[in-house]
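Protein chains in written order, with the numbering used here: chain A, 1 to 243; chain B, 1 to 283; chain C, 1 to 292.
A hint or two may mislead.
Stated by the list, open to error - Computed spacing ranges between beta-carbons, pair by pair: (1) C:Ala283 with B:Arg92: 31 to 39 Å; (2) C:Gly104 with A:Arg119: 15 to 23 Å; (3) B:Tyr93 with A:Gly42: 43 to 51 Å; (4) B:Val30 with C:Ile109: 12 to 20 Å; (5) C:Phe58 with B:Ala129: 19 to 27 Å.
Since the hints were made in silico from the structure, they are not lab data. Just so it is clear, CB atoms sit at the ideal spot from N, CA and C, and this is done for glycine as well.
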Amino acid sequence: METPVNIEIEDIAKEFGTTAALHPVSLTIPSGTLVALLGPSGSGKTTLLRILGGLEFPSAGRVLFDGSDATGLTVQERRAGFVFQSYALFRHMTVFDNIAYGLRARPSKTRPPAAEIARRVNKLLDLIKLPDIGARYPSQLSGGQRQRVALARALAIEPRMLLLDEPFGALDAKVRKELRQGLRDIHDTTGLTTVFVTHDQDEAMELADLVVVMSMGRIEQVGKPEDIRSRPRTPFVREFITA
Amino acid sequence: MIARPFTLRNPTPMPGWGLSFGIMVTMLSVIVLIPMAVLLWRGFIGFGAAEMWEVVNRPRVWSALELSFRAALVASLFNLVFGVLLAWVLVRYRFPGKRLIDAAVDLPFALPTAVAGIALTAIYAPNGALGAPIGEAFGIRVAYTELGIWIALIFVGLPFVVRTVQPVIEEIDRETEEASATLGASRLRTLTHVVLPMLAPAALTGFALALARSVGEYGSVIFIAGNLPNVTEIAPLLIVIRLEEFDYDGAVAIAIAMLTISFALLLAINLIQIWSRRRMGAV
Amino acid sequence: MTDTITIPSRPRAFRPATTEPTVVKWALIALCLAVLTVLLFAPLIAVFDEALRRGWAFALVSLSEPDAQSAIWLTLTVAAIVVPLNAAFGIAAAWAITKFDWRGKAWVITMIDLPFSVSPVVAGLLFVLMFGANSALGAWLVASGFPIVFAVPGIVLATLFITFPFVARELIPVMLEQGRAEEEAALTLGASGWRTFLTVTLPNIRWALLYGVLLCNARAMGEFGAVAVVSGKIRGQTTTMPLMIEMFYNEYLSVAAFTMAGVLALLAFVTLALKSALEWRYADQLAATHRH
């Protein structure tokens, strides 16, 4: 498997109309880390994630993948596996077709044969521990199951990074705990550079190798969970992080 | 950072902007905007506002305009009342054949106006299945009089109020009605003071749609109307007559008069809706 | 002293607080049915009654008459051109409006709805003004052998105008509600724009699209006023079915008129049946069931 990607964010800014969602921010995400973008709503964390995934164009700044400028890459070219807050499963396709979608969308040169696609989809279904649901439709799944399918779908394209927008948002506490561990396991298994957005600090602290605390379009502090807890550097971090 | 020139939108990675916007604007312009502009240009600049007024300000034209708008108003008011009633019956009551009736309400949408026109005339003509008995019993003629026009327009506008009000009735929280009952209100009072106000905005919208449709209606009406100038001649017919006489300016003038009055009416209704929404608050 | 509950000797019928007395209910139902009979059902029955007055054979023969045949052919041709064009417009407009953020959307939507507020006769007038022989453009077109007014292209244009909003109005609310996330997901998975549209968007809107196409088709085939103005009513050449009905009727060819009307009424029934089927099965994917 290829080395997980190293991400550099250089002075990325984003304006929507006259509102600045992101003031110029810079950040280095080392290869293979599990990073949490933590902050309240309006902090710009989702915007930053979407810019990484290519779903928004930054107003200024660059993004570098393994040292080369990726700002101009299209969404399709980035190979960033993206898990949406609402999961965005294709409601008219079965779970199997959802997961297979990215592989089938490849140009014929790089597209695996049908049998190979089936093999990979089933392998992913095993990975997310839902081996028998391939023929079901998203509407027939529970919230937790949908989240895992969305994850499998993103992993199917052999992404070089994994981006998750509030992956545990709409789920109840017990399911959240299980899925948190699931995400950690997958990260450890795949070794992918993973960035997830959350407003829940317990989640961020428990899961992430690196926590990026954001507020109002700026990065307040970056560091390991213990460091953020014990050495808050700005008033916002002090207030936001309850020990 | 590059200063971006004025753009209609902030670019996003979503594909298809150029194509979709292009098709939309092109077809909108070619089929709707430019033809409308040509009409207005022909009327106001080619002919002139004063000249148009002169054409319109004649008894026959006023009769036609009054008839079209009056008949549309009467029919739409009937549809307002009956439409709310019918919507209520369809949503709240169960009876055999209800699904069929519900589907049938859309018939005026689906049925060609000419078919409706000759069918209604056949029924309400003095020798028709309903026209005859009505004539005998009440001495009233339906077809070839303004009454016939009312009936045709009621037919045409029927679905509008029903279809806009039905979803609102479906979403009424029964607890509001129950609350009213617990406070001692009779069922009738609950309906008139609690339920009806909730339906008012949707009913008004339906009324406006029915009105807009009825004012310009042609096919359903000209068969049953009789088309006597100053008596049962609707405005669209007058436009057709002017065209047949190659009096394009006259046709344009009447058309613009119709559009102006419709616009004013719809504006008034829109304002009433805004007012009623403000009074009601969010439902 | 404790109260004692007296149990009534016969249970009283319980009427919930949110219903009307049964008598009232049935009176209202009867009233509605009576009005609908007089307004809707009687006329429909009259169509078939008049059409079959001289028997099936006579009625069917009237349809095979050359003028009737060319009217049917013309109506079908016009619908076959207008419906796909307006469907394409509806899809394009709905995509532009729902997948992107830009200013002026409300204006554009109002303009798309404009044909609903215009009398069909005025719609016909618009194209007579633009392309009629009395205008410079029109005269040139006639001279070059491509007349629009009093010819089929004019009928197509007028019908396009009249049925313009139908598909767009069905698609826009549905696509607004469905959002952009699925399309964005497809893009992140490597799908191109067209693949995304064909494999993700289209399946999600197919019922709303079908519904809009259905309504558009019904109106396109049934349009009378606009076509009457713009076609010149040239028998056998520019008369659609509705115009032919008028012609037969005015010539006192009652059976021919009502038979053709009957055919269109049958088309209306099919339209309604399909429409209802769509509404019952796919209510959550249609704008019609959400519209206020």
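(request) Starting from the hint list further up, note which numbers the structure goes against and sort them upward. (result) 1 and 2
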